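There are 2 protein chains.
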Amino acid sequence: MTLPSKMRALIQLHDGYAGTQTGPDIDDIAPFVALRDVYVPTPGKGEALIKVHLAAVNPSDIHFIKGEYGQPRRKGIPAGFEAVGQVVGGDTPLIGQRVSFFATASGTWAEYALTDASRLVPCRADLAEPDAAGLLVNPLTAIALFDVVRDSGADSFVLNAAGSQLGKLLIALGRDHGIKPIAVVRRAAQAAALRDLGAAEVIVTGDADPLDQARNIFKTLSPRVLLDAVGDQFTADLFFAMPAQARWINYGKLATEAPVLTQLGQLIFQGKEIAGFWLTRWLQQTDPARIAEAFSDIQKRFVTGRWVTDVAGIVPLSDALSGLPLALVKTDGKAFIDPRQ
Amino acid sequence: MTLPSKMRALIQLHDGYAGTQTGPDIDDIAPFVALRDVYVPTPGKGEALIKVHLAAVNPSDIHFIKGEYGQPRRKGIPAGFEAVGQVVGGDTPLIGQRVSFFATASGTWAEYALTDASRLVPCRADLAEPDAAGLLVNPLTAIALFDVVRDSGADSFVLNAAGSQLGKLLIALGRDHGIKPIAVVRRAAQAAALRDLGAAEVIVTGDADPLDQARNIFKTLSPRVLLDAVGDQFTADLFFAMPAQARWINYGKLATEAPVLTQLGQLIFQGKEIAGFWLTRWLQQTDPARIAEAFSDIQKRFVTGRWVTDVAGIVPLSDALSGLPLALVKTDGKAFIDPRQ
Numbered sequence: 004m005t006l007p008s009k010m011r012a013l014i015q016l017h018d019g020y021a022g023t024q025t026g027p028d029i030d031d032i033a034p035f036v037a038l039r040d041v042y043v044p045t046p047g048k049g050e051a052l053i054k055v056h057l058a059a060v061n062p063s064d065i066h067f068i069k070g071e072y073g074q075p076r077r078k079g080i081p082a083g084f085e086a087v088g089q090v091v092g093g094d095t096p097l098i099g100q101r102v103s104f105f106a107t108a109s110g111t112w113a114e115y116a117l118t119d120a121s122r123l124v125p126c127r128a129d130l131a132e133p134d135a136a137g138l139l140v141n142p143l144t145a146i147a148l149f150d151v152v153r154d155s156g157a158d159s160f161v162l163n164a165a166g167s168q169l170g171k172l173l174i175a176l177g178r179d180h181g182i183k184p185i186a187v188v189r190r191a192a193q194a195a196a197l198r199d200l201g202a203a204e205v206i207v208t209g210d211a212d213p214l215d216q217a218r219n220i221f222k223t224l225s226p227r228v229l230l231d232a233v234g235d236q237f238t239a240d241l242f243f244a245m246p247a248q249a250r251w252i253n254y255g256k257l258a259t260e261a262p263v264l265t266q267l268g269q270l271i272f273q274g275k276e277i278a279g280f281w282l283t284r285w286l287q288q289t290d291p292a293r294i295a296e297a298f299s300d301i302q303k304r305f306v307t308g309r310w311v312t313d314v315a316g317i318v319p320l321s322d323a324l325s326g327l328p329l330a331l332v333k334t335d336g337k338a339f340i341d342p343r344q
Numbered sequence: 004m005t006l007p008s009k010m011r012a013l014i015q016l017h018d019g020y021a022g023t024q025t026g027p028d029i030d031d032i033a034p035f036v037a038l039r040d041v042y043v044p045t046p047g048k049g050e051a052l053i054k055v056h057l058a059a060v061n062p063s064d065i066h067f068i069k070g071e072y073g074q075p076r077r078k079g080i081p082a083g084f085e086a087v088g089q090v091v092g093g094d095t096p097l098i099g100q101r102v103s104f105f106a107t108a109s110g111t112w113a114e115y116a117l118t119d120a121s122r123l124v125p126c127r128a129d130l131a132e133p134d135a136a137g138l139l140v141n142p143l144t145a146i147a148l149f150d151v152v153r154d155s156g157a158d159s160f161v162l163n164a165a166g167s168q169l170g171k172l173l174i175a176l177g178r179d180h181g182i183k184p185i186a187v188v189r190r191a192a193q194a195a196a197l198r199d200l201g202a203a204e205v206i207v208t209g210d211a212d213p214l215d216q217a218r219n220i221f222k223t224l225s226p227r228v229l230l231d232a233v234g235d236q237f238t239a240d241l242f243f244a245m246p247a248q249a250r251w252i253n254y255g256k257l258a259t260e261a262p263v264l265t266q267l268g269q270l271i272f273q274g275k276e277i278a279g280f281w282l283t284r285w286l287q288q289t290d291p292a293r294i295a296e297a298f299s300d301i302q303k304r305f306v307t308g309r310w311v312t313d314v315a316g317i318v319p320l321s322d323a324l325s326g327l328p329l330a331l332v333k334t335d336g337k338a339f340i341d342p343r344q
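Listed in order, the protein sequences are those of chains H and V. Heads up: the first sequence begins at 4 in this note's numbering, then just goes up one per residue. Heads up: the second sequence begins at 4 in this note's numbering, then just goes up one per residue.
If you are wondering where the hints come from, they were derived from the structure by calculation, not from laboratory data. Please read all numbers here as calculations on a predicted model, not as lab measurements. Virtual Cβ for every residue (Gly too), placed ideally from N, Cα, C. Be a bit skeptical, because a hint or two may be false.
Capping the alpha-carbon separation at 30 Å, the derived lysine-lysine pairs in BS3-like fashion look like this [unchecked claim]:
#: 1; chain 1: H; residue 1: K222; chain 2: H; residue 2: K303
#: 2; chain 1: H; residue 1: K48; chain 2: H; residue 2: K9
#: 3; chain 1: V; residue 1: K222; chain 2: H; residue 2: K222
#: 4; chain 1: H; residue 1: K54; chain 2: H; residue 2: K78
#: 5; chain 1: H; residue 1: K78; chain 2: V; residue 2: K222
#: 6; chain 1: H; residue 1: K54; chain 2: H; residue 2: K222
Some chain V residues close to chain H (C-beta under 8 Å, calculated; not the full set) [said to hold, decoys possible]:
#: 7; residue: D30
#: 8; residue: P34
#: 9; residue: F35
#: 10; residue: G234
#: 11; residue: K256
#: 12; residue: L257
#: 13; residue: P262
#: 14; residue: F280
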């Protein structure tokens with residue numbers, strides 16, 4: 004296969020961190036990325052070059068381009084963490100194969116991306132492209148977080164931002180493993196769909212009495228884990244309303260407000276704990292066999308329909324500057340970038 | 004030995020919890036306890052009756068009588084958790100022996116106290132009475148918290164309320180085990196004594212720039228554990244200034260303000276955690292052999308002078324209502340109640 008020397012890409016306009024905490028909402032991506040023709044990156048030792056079929060857009064991508072993520076931006080390098088594509092070069096026996104991957108060296112919002120060859124996940128032929136494009140970040144996070152839920156030994160678990168793509172994956176896992184999901188959402192309109200999916204209870208924060216709803220639920224269910232992508236005061240209040248030994252696992256920050264620990268004594272007397280989850284660290288600390296098993300499970304779940312990718316929009320790369328913010332407004336599905344358009 | 008039927012005791016005036024969070028300061032104990040003549044309690048199965056020689060007054064006692072501790076008050080029952088005394092009756096082979104103990108059935112601020120016979124800790128003959136009276140709560144907490152510090156593998160640890168009796172025990176443990184104590188105190192006047200005791204660094208919160216002091220220290224030392232008895236905003240700020248993987252272990256609440264988690268993302272990206280420590284839970288979860296080893300270590304440390312009990316005052320039981328608040332004002336030592344006076 005002959006590769007071109009140049010490609011289109013959404014490159015980062017800034018280095019390092021911004022020092023701000025504005026959350027994952029974004030009206031305009033133009034201050035952070037620009038559509039440019041750049042050189043196709045060259046794979047070094049242990050790296051693979053992938054022709055991108057479809058790239059995912061995750062909240063972590065938005066945090067990242069804004070300079071508010073756990074790793075520094077690199078000016079001039081394409082953005083985008085996750086995608087599906089075909090291996091076209093590099094230090095790997097997988098050349099020619101379709102793979103899901105997480106870009107470490109040159110991002111996925113581009114015609115070609117570069118990553119560690121050890122990170123390539125070969126895709127089943129029957130796996131749909133949108134499922135394959137979002138195979139890693141959300142599904143692997145769901146599997147990892149649900150391991151925490153299972154280890155808790157409880158009859159139920161609490162998750163907020165439950166209408167998100169990740170939230171839906173977690174609800175389906177709870178449904179399939181018999182651990183009741185207690186879903187927290189902002190609007191009552193989201194409740195029915197989540198109950199249909201498998202949520203045992205739905206708490207609506209837009210209602211007048213969400214904490215009373217929670218306390219009522221905790222009279223019959225005893226969750227030990229709160230999976231939190233919001234990090235606002237209601238999350239803290241919910242944590243303090245949970246039974247003893249509850250663990251608040253924060254893995255995202257949709258809210259910009261800082262929560263107040265009004266019941267610090269519960270950490271002492273009720274053995275409650277607050278911790279974070281970062282997929283990057285989980286990947287470093289977890290047995291590769293567990294990760295490989297997870298990738299097999301994930302593909303099987305999508306192919307058999309136990310997990311479903313809700314597509315909010317597929318935006319052509321050439322149109323991303325105007326199209327991506329519009330697709331991101333739809334909060335009940337996932338946005339993608341197609342670099343072949 | 005013939006026992007009297009009645010005894011003097013400071014009995015609790017309230018049941019259950021107060022629902023307040025006013026901290027351990029107290030100007031007047033009269034709203035909470037009263038000096039009364041009550042029946043000497045009768046030991047049941049598995050219980051021991053102890054003639055109290057000297058009872059400790061810990062912050063947890065004050066939290067408890069105010070109805071702000073992790074277990075409910077019991078109206079009419081003597082207050083006081085910890086003491087030294089002589090076993091005078093009950094279901095135990097230790098009758099006649101001097102023991103340190105934690106009262107579970109009838110409190111220590113009385114001429115006689117009642118507890119689980121399994122909880123008695125026989126004292127060495129060469130252990131001084133004030134050391135023996137405070138042998139459990141502070142020393143055992145220090146040993147248990149220092150286990151957390153040692154498990155962190157770090158070169159140093161941070162502790163606040165460092166001028167407290169427990170703080171001094173922890174500093175001495177750090178000194179003796181080569182893990183540098185970074186002591187946080189309110190007043191500069193406390194710094195020299197803590198450096199003499201073994202504190203490698205002292206941060207003074209009353210200064211204009213305590214957080215800058217901390218950041219400077221963290222350039223050369225890398226503590227992973229923050230032992231916190233205060234729970235205020237400075238504690239939270241200090242935690243967020245600490246290196247990655249830091250754990251904030253809250254075991255007390257000297258402050259009444261509620262800390263704000265301004266850098267929640269550090270839990271995700273830096274693997275930081277917030278948890279609590281409660282000696283009661285530690286005793287339930289810890290191997291009895293480790294606890295027995297700890298009691299042997301503790302007595303040896305006091306007898307050999309590696310730990311010192313600073314006595315703020317010994318208040319006669321008959322004079323406790325007026326004398327105890329005065330003794331508690333002295334923050335650089337421990338107050339005791341003598342029920343034989």
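Where does the structure disagree with the numbered hints, that is, which hint numbers, in rising order? 1, 3, 6, 7, 8, 9, 12
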